[in-house]
Each structure stands twice: as C-alpha cells, then as structure tokens.
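Student: What follows is each chain in one-letter form.
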Amino acid sequence: MSKSERVAGTVANYVDERTGAAKWLKKNLNKVFPDHWSFMLGEIALYSFIILLLTGTFLTFWYDPSMQEVEYEGSYQPLSGLKMSAAYASTLHISFDIRGGLLMRQIHHWAALLFMVAIVVHLLRVFFTGAFRKPREFNWILGIGLLTLGIVEGFLGYSLPDDLLSGTGIRIAEAIIQAIPVVGSYLAYFVFGGPFPGEVFIPRIYTVHILLLPGIFLALITAHLMLVWYQKHTQYPGPGRTEKNVVGYPLMPVYMAKAGGFFFIVFGFTAFLGAVASINPIWLFGPYTPAQITAGSQPDWYMGWLDGLVRMAPPLETHAFGHTISWNILIPALIIPGILFTGMALYPFIESWMTGDKREHHLLDRPRNAPNRTALGAMSLTFVLVTLLNGGNDLLATHFGLTINQIMWFSRIGVLVLPPIAFVITKRICLSLQRSDRELVLHGKETGRLVMLPHGEFIEIHEELSPEKKWTLTAHEQLPPLEIAQENQAGVRNPKGLRAKLQQYASKSHQEQIEKPSAKDVLELGDGRH
Amino acid sequence: MTSDNQSNEIAPLTDPGIPAHLHRKSDLDPKAAKKAERQVGILFIISALGTILFIYSYTFMSEKIFIFLPVLGNSNAKQLFLGLGMAISLFFIGMGAVHWAKTLMPDNEVVAQRHELRSEEVDREDFVKTVKEGAAAAGLGRRSIIKRTLGVALGLSGLTPLLLLRDLGPLPKDDFSKTSWEAGTRLVTDPGDRPIKPSDLEIGAVAQVLPELPAGKERKLEDIGKDAVLLIRIRPAEFQLDAERLSWTHEGIIAFSKICSHMGCAVALYEQTTKHLLCPCHQSTYDVTRAAKVIFGPSARPLPQLALALDAEGYLVAKQPFTEPVGPSFWERDSS
Chain A
420 MSKSERVAGT
430 VANYVDERTG
440 AAKWLKKNLN
450 KVFPDHWSFM
460 LGEIALYSFI
470 ILLLTGTFLT
480 FWYDPSMQEV
490 EYEGSYQPLS
500 GLKMSAAYAS
510 TLHISFDIRG
520 GLLMRQIHHW
530 AALLFMVAIV
540 VHLLRVFFTG
550 AFRKPREFNW
560 ILGIGLLTLG
570 IVEGFLGYSL
580 PDDLLSGTGI
590 RIAEAIIQAI
600 PVVGSYLAYF
610 VFGGPFPGEV
620 FIPRIYTVHI
630 LLLPGIFLAL
640 ITAHLMLVWY
650 QKHTQYPGPG
660 RTEKNVVGYP
670 LMPVYMAKAG
680 GFFFIVFGFT
690 AFLGAVASIN
700 PIWLFGPYTP
710 AQITAGSQPD
720 WYMGWLDGLV
730 RMAPPLETHA
740 FGHTISWNIL
750 IPALIIPGIL
760 FTGMALYPFI
770 ESWMTGDKRE
780 HHLLDRPRNA
790 PNRTALGAMS
800 LTFVLVTLLN
810 GGNDLLATHF
820 GLTINQIMWF
830 SRIGVLVLPP
840 IAFVITKRIC
850 LSLQRSDREL
860 VLHGKETGRL
870 VMLPHGEFIE
880 IHEELSPEKK
890 WTLTAHEQLP
900 PLEIAQENQA
910 GVRNPKGLRA
920 KLQQYASKSH
930 QEQIEKPSAK
940 DVLELGDGRH
Chain B
211 MTSDNQSNEI
221 APLTDPGIPA
231 HLHRKSDLDP
241 KAAKKAERQV
251 GILFIISALG
261 TILFIYSYTF
271 MSEKIFIFLP
281 VLGNSNAKQL
291 FLGLGMAISL
301 FFIGMGAVHW
311 AKTLMPDNEV
321 VAQRHELRSE
331 EVDREDFVKT
341 VKEGAAAAGL
351 GRRSIIKRTL
361 GVALGLSGLT
371 PLLLLRDLGP
381 LPKDDFSKTS
391 WEAGTRLVTD
401 PGDRPIKPSD
411 LEIGAVAQVL
421 PELPAGKERK
431 LEDIGKDAVL
441 LIRIRPAEFQ
451 LDAERLSWTH
461 EGIIAFSKIC
471 SHMGCAVALY
481 EQTTKHLLCP
491 CHQSTYDVTR
501 AAKVIFGPSA
511 RPLPQLALAL
521 DAEGYLVAKQ
531 PFTEPVGPSF
541 WERDSS
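One line per chain: the protein sequences are A and B, in this order. According to our numbering, the stretch in the first sequence is residues 420 to 949, in order. According to our numbering, the stretch in the second sequence is residues 211 to 546, in order.
Some hints here could point you the wrong way.
When the alpha-carbon atoms are kept at most 30 Å apart in a straight line, the in silico DSSO-like pairs for lysine-lysine are as follows [as the list claims (entries may be wrong)]:
(1) K342(B) to K777(A)
(2) K312(B) to K651(A)
(3) K312(B) to K888(A)
(4) K245(B) to K235(B)
(5) K235(B) to K450(A)
(6) K312(B) to K442(A)
(7) K430(B) to K383(B)
(8) K663(A) to K651(A)
Pairwise CB distance ranges (calculated) [to be verified]:
(9) D336(B) to Y433(A): 33 to 41 Å
(10) A427(A) to F276(B): 15 to 23 Å
(11) A243(B) to P622(A): 57 to 65 Å
(12) L375(B) to A739(A): 54 to 62 Å
(13) R445(B) to S499(A): 39 to 47 Å
(14) A230(B) to E931(A): 49 to 57 Å
(15) A230(B) to R854(A): 29 to 37 Å
(16) I356(B) to A739(A): 22 to 30 Å
(17) T429(A) to F278(B): 55 to 63 Å
(18) L279(B) to R854(A): 48 to 56 Å
(19) L372(B) to E931(A): 30 to 38 Å
(20) L898(A) to T359(B): 32 to 40 Å
(21) E488(A) to L456(B): 35 to 43 Å
(22) A427(A) to I356(B): 55 to 63 Å
The hints are simulated quantities; they were obtained by calculation from the structure and are not laboratory data. Ideal Cβ positions, reconstructed from N, Cα and C, are used throughout, including at glycine.
Chain A with its partners taken away, still in its complex shape (with noise of 0.2 Å):
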C-alpha cells in the first residue's frame, strides 16, 4: 500500500465512523452517467451560475447600492466633477481604479449571458429529445423556473449600475407596471417608493438580485440536480441501451475529471471574453436622468424578443368610464410571455395528453422521429426569432439600410404567419428524414461505386449498413394514433364531446410516421439491394 492510499483510507475511515456513508458513497461514487455533447449544456449553465457567484461576490465588495447623488471624482476623467448616483459612481470606481475590477465586471456580464444561452440551449436539447417525458415533468417545471428567473435576474443586474442605459430599461419596467389594470399605479408606487426614479429603487433591487433570487435559484437548482441524479440521466437510442439500462463512465474518476476540468475550461472562456471583448461599456452612456437617451437602445439578447414584441404591437388603448387600458403594453408584455411560458411549462402533459402515453421513458427521441413535436417548437423557436429579429429593429435598419417601417411590418405579419410555415416545413422535413432512414436501413449507404455488369448493365454499390447503425435507426417505437369512441354503440355521444375530437385531431398529427423497417422487412430484401 502506498502512502497517499493509506491517507485516503485513514480519512474515508473517519468520515464512515462519523457518518455512515460509506455504502452510499460506494454507490453514488459509481454512479454511470452517459456521454454526449449536448449533454454538457446544463452543466454550462451550472458552472456559469458558480463564476456568477464568485464574480458577483467580488464586485459587492466595491458596489454602493445608493441613489444618493454624489459628485464624480475618480480617474475616468470625462465624467468628472459630473452629479451621479452613489451606484453609479462606484460602479465607475470598480471598473477604473479597481485592479481587475473591470475583468471581473465584464466577466459577470458575459457569463451571464452565457448563463441564459445555456438554459435556453438546454431547454432545447431537453425539448427535442422528449426528456420531458415523464418521470421527468417536475424538473421540465423546474427548469421553466429557472429559464423565468434568469431573465428577472439578468433584468435586475443590468439596472444596477444605474447608468443612462439600463435606467431607460427600467423606466420600460415601471411603464409595463403601471399598465396593469385597477392596481397599476399603486404597485408602480410600491415598487419604486413614490414617482418614479424615486431614491429607494437601487437599494431594494441590489437585496433581491444578490439575496433573494441567489436563494431562491441555489434551491432549485439543487432540487434540479437532485432529480438529475436520482432519476438518472437519459440516453440517447443506440446498441445495447434500453429503457432499463444507463450505459456510460461512471462518476469517480471519468465525470470527476471531465466535469472539474469543464468548469475550468468555462471559467476560462468567460474570463477570456472578459479580457478581450468590451461589454456595457457604463462610462460612455453617462449617468441616468430621465429626460435623455441614447439611440440604438437595446437590452440583452434575453429580453430582446419582449422588447421586439413590444415595437411590434399596434397602437391599442381603450378609453371607457374614465379609465385607460393600454393593450400596446399589456398584450406584448404581459399576456403574451404568459401564455408562452404557461404553454411550456405544460406542455409535457399536453404531449402526454395527445399521445395517451402515460410510460416512463428513459430513452431520448431523435427530433426527426417525434415530427410533431419537432415542428411545434421550431413553430416556436420561429416565433421568438422574429420578435427577437424586431427588437434590434433600429440596428437592423442602420446596418442594412432598411426603413424602421419595412422592419416593423415584416414583423407585425411574420409573427403571424412564419411560425405555421415553420410548423409545416418542419414537419415535411422529418418525415423525409424518416423515410431516409427507412431507405438507409433497408437499401444501405450509396458508395458512389459504379460497377458494370457481365451483361453491360451498370449498378451503383450500396453498402450495408453496420448492425449497431440499423439498430440505432429503428429502436424507436411507433404508436399508433388514440382511437377515441366519439360515440358508444348505442349512439350515445362521448360525453367528453369536443374535447374527444380534439384529442383524437391531436393524437393522429402527433403520430403522423414514416413506417420504420421491421425484421420483416430487411429479410424479404436479402441480398437484392441495390
């Protein structure tokens, strides 16, 4: 025995007498967990969160959350003498006479924006695959979670330097406040401590960015991980993985190394973005004052598609009874991103609910297999691309010399009608991908070989495909469409009434396949492939 495995077996010794958790370890030591790339895009978004943490920590140490107005006095020399909040000062002080303060700045800007990259890709992948399926529906929830509170988060940081920029942002957030009906005025005047910008905002934001949502998110995603881990992760269809079994490297040493050194490796990428790449540059938009602006306003790409909503919707109000009802705010910025996220968060079961599939599933789909699916979120993801396109409208004008106007109708009728388009073509181009799947299994790869025949005629070669590769293309099952009773044999209506039609729509477009190759199928072929 060596001397390092003596000391490791002296201090496991003493953990176990203290805790028991000798057999438990043993077990979660071992655990396997499968290999693929997109499946290190959570773990991005964990270690973003971590150097957000650290780097989140650093800049407190500097940061004066105050409106108090102060008179600048540090070595940025253009703002100097200049009247600006306390937040702001400091803010300047962190990036100009903090040693690395600025890094550490752009450091948790960038990974913050890699943070919400990273949920969104994650979702995605997640999405795709159908590793919402059940067992995993409260962790698709708590992920919508997370996705919510990253933007609010986000929201919130960026308002804390309390520069000219990000106090236009949140002078948007007290508008879209003060918009909601009967209450409006009240929770805007709640919030802000009196008219608006008031003295008590930057206060009250700093609390709830660096305590309460940093609660809140170590909470959840503990509980996210959690499941990860007692649910164990999904795998992708291929030989040898069934719905019963996890292959892959187990956690201790493989995940211990790849994981750590992944966190290195993000850590340093963000670092490295920091160092070179230039972002919210504070000291050139000035100090916030309601009466100014710069053009070319923009948020973070995260808020982006709520801003581009907003410029997008008509000039709505209704005016009755002495009241006022902005639908050009309450429509794009409330109702809409309800029903987007309420839609997301339910559509596990909505899926379960059109296919009548209540099993467990372990195994991930590949996108072209479930095309309902596929084309639902591309229907989607094209719908937020567009709003998302509009709100960075002024700079698509500057930069390909358009009109706001063209953009803006673009817009208005591409919201509309884009996504159905998307739906469809999405749809179309999976069920191409099955069927050449079906041909790839049944007729083998094309070689590009062109070999003559003893009487002249000319073949091209195809090569069959590898046993492991057809098994991969055809694992998937194919159910067949909910065969709803819409009345009994006595003629009775099914009491469910449109709710039955519907599910029976839903359920024959949701299992809308191209036959997959069955044993049968590759026998009757034999040698005759060509």
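Since chain A is already given, all that's left is putting chain B on it; use the hints.
Tutor: Only chain B this time, still in chain A's reference frame:
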C-alpha cells in the same frame, strides 16, 4: 427495448448489444501512455504560466499603456493581460484534466440498471393507509369547529405579510396627472437654467427645457421625469393645427412633453426635414406639425402639448398647465 412494450406488432430488428470495446493507443502502448502523460503535464504548465502572467500584470504593469488590436481597437494593456492571464490559467487546468480523463482514465463503458421509480404495490398501499390513519387520528373531518377556525386563522395570517409591504411607498393620489408646470411658469434651458426668448431659437432649432424652479427648491430626477419639455421652432405656415392648438404655439415655436406617451422614454430624436419626433426605445413616431400625432409605432396617444405665451419681460412661459397627464398610460387616466 424489449418486445413486450413494443406496441405495434411488427417485429423490430434485433439489438446487437454494446459494441466491442476499442482500445486506445495509450491503453496498449506504454510509450503512448507516457506521451499522453507528458501532454497533460504541458497543459498544466501552460496554466501555471498564465497565473504568472496574471501576477505580473497585476503588480507591475502600468495602467496607462494602450495597445491596438485588430477588430477590438485600442485596449488597455493591463486589463487585457490580467484577463488573458486569468483565462489561460483557468482554461488550461480544464484542458489538462479533460485530456487526462480522455487518454489515461478507463474508457470502458459501464452498464447500470434502472429501476422503475414507482414504489412496490405493498409500500404504496401502506403509505395510503398511513395517511388515512393519520388524518383520522387528527380527526379534522369530524371536528368542524377546529376546521373552520383554523381556516379563518390561516387565511387571515396571510394578510400580515401583505400589509407589511404597504409602507413600501406612498399612495399615488393624483400624482400621475400632475407636473410642475403652471400658468406663467418660465421655460428654462436644461442644462443652464436660463430663461428663453423666442429670438434664442432659430427656425429648425430644438431645445430641451424644464420649468423654472421656485427659489430654494431643488430639482429631483422624478420631477425631470415628468416636466421635461421639448421646444421646437418651425415655420408657422407648416403647422396643421386647429385654432386652439395653434394659439398654444408662439411664432412657430411649439412645445411637447418629452416623455413618451407609450412607455416613458425620452423622445429625443428630432428629424428636421420631416418634422418627425422619434422615440428610440420603441420607435413611436410623432408628427410635430400635427400636434405630435402618432404616425408610426406602438404609441396610442400624441405627446401632450404645452401651451406657450410670453411674460412681461418677453420670456417664454407656460400659458397653463398641461391639460392631460404626461407619460405612459395608467388605469386612472381619464382619456376621454
């Protein structure tokens, strides 16, 4: 996938099972393994060099050096090398660890079994029984007084935190409808606080103004947020206003609230040739010649117009307060 959960009756292809393990070069050849070990070592050394670069930049580098980088432009050298040092130091620890795992740690795929999450039937029944027995023992169903009073107590206690939040802010009263502008308030420049004569503005000029402060009062951001006014001068013949609104202008000078009637941003972009005002936040566009009528974008209302007059000394003043609330809409706003 086994055939029992295969819902269609067509027999699937057979699962060939996990493919045979392919050994890596470093598994078979001790030389290759040694080489991989050296590679990992080099990666870790690069990381250490990154940390040294970081320490050097932090301690010795001057803050005044700027270097030009293509694409990125002028960068502060200290900030750049601090960041690069940190990036190298972290990134290559990660690269080393991953390379180690990929080349030298076991790469045999392992199979673990899953178990259905659902508990055994016996446990489920026991659980239901426990809950039922527990509920029966508490007797909530039978003791209706307890049930009702508990409901009342819990419901009421929920009001405490709500009520505690009440002092977050004052009540709005009619604040949203009021500004500091009153009949006779002088328009003053912002910045500078100088009163303005019509002759100060040439045709085509635009200026941001605020109401003159009464002596001893300090201007707060929240006042500016409602009081900011944009003063624009055009040729009087270009106005297409009704008689009342025309009487609110003075020799081609017209004044509008600068706070966007959509979401409260500053309507700061004035296009001289078209006489359009544009809000950069959501591109609501107002036509100055037609009393700031909305000609494009999401805003539903014109910018409120401020009636202008001259005082005895010839300075521009407000003839009267705004006749409607400025800024974004709110529930109590009477827009009829």
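Student: Hint by hint, work out which the structure violates, then give me just those numbers in ascending order.
Tutor: The structure breaks hints 10, 12, 14, 16, 19 and 20; every other hint is satisfied.
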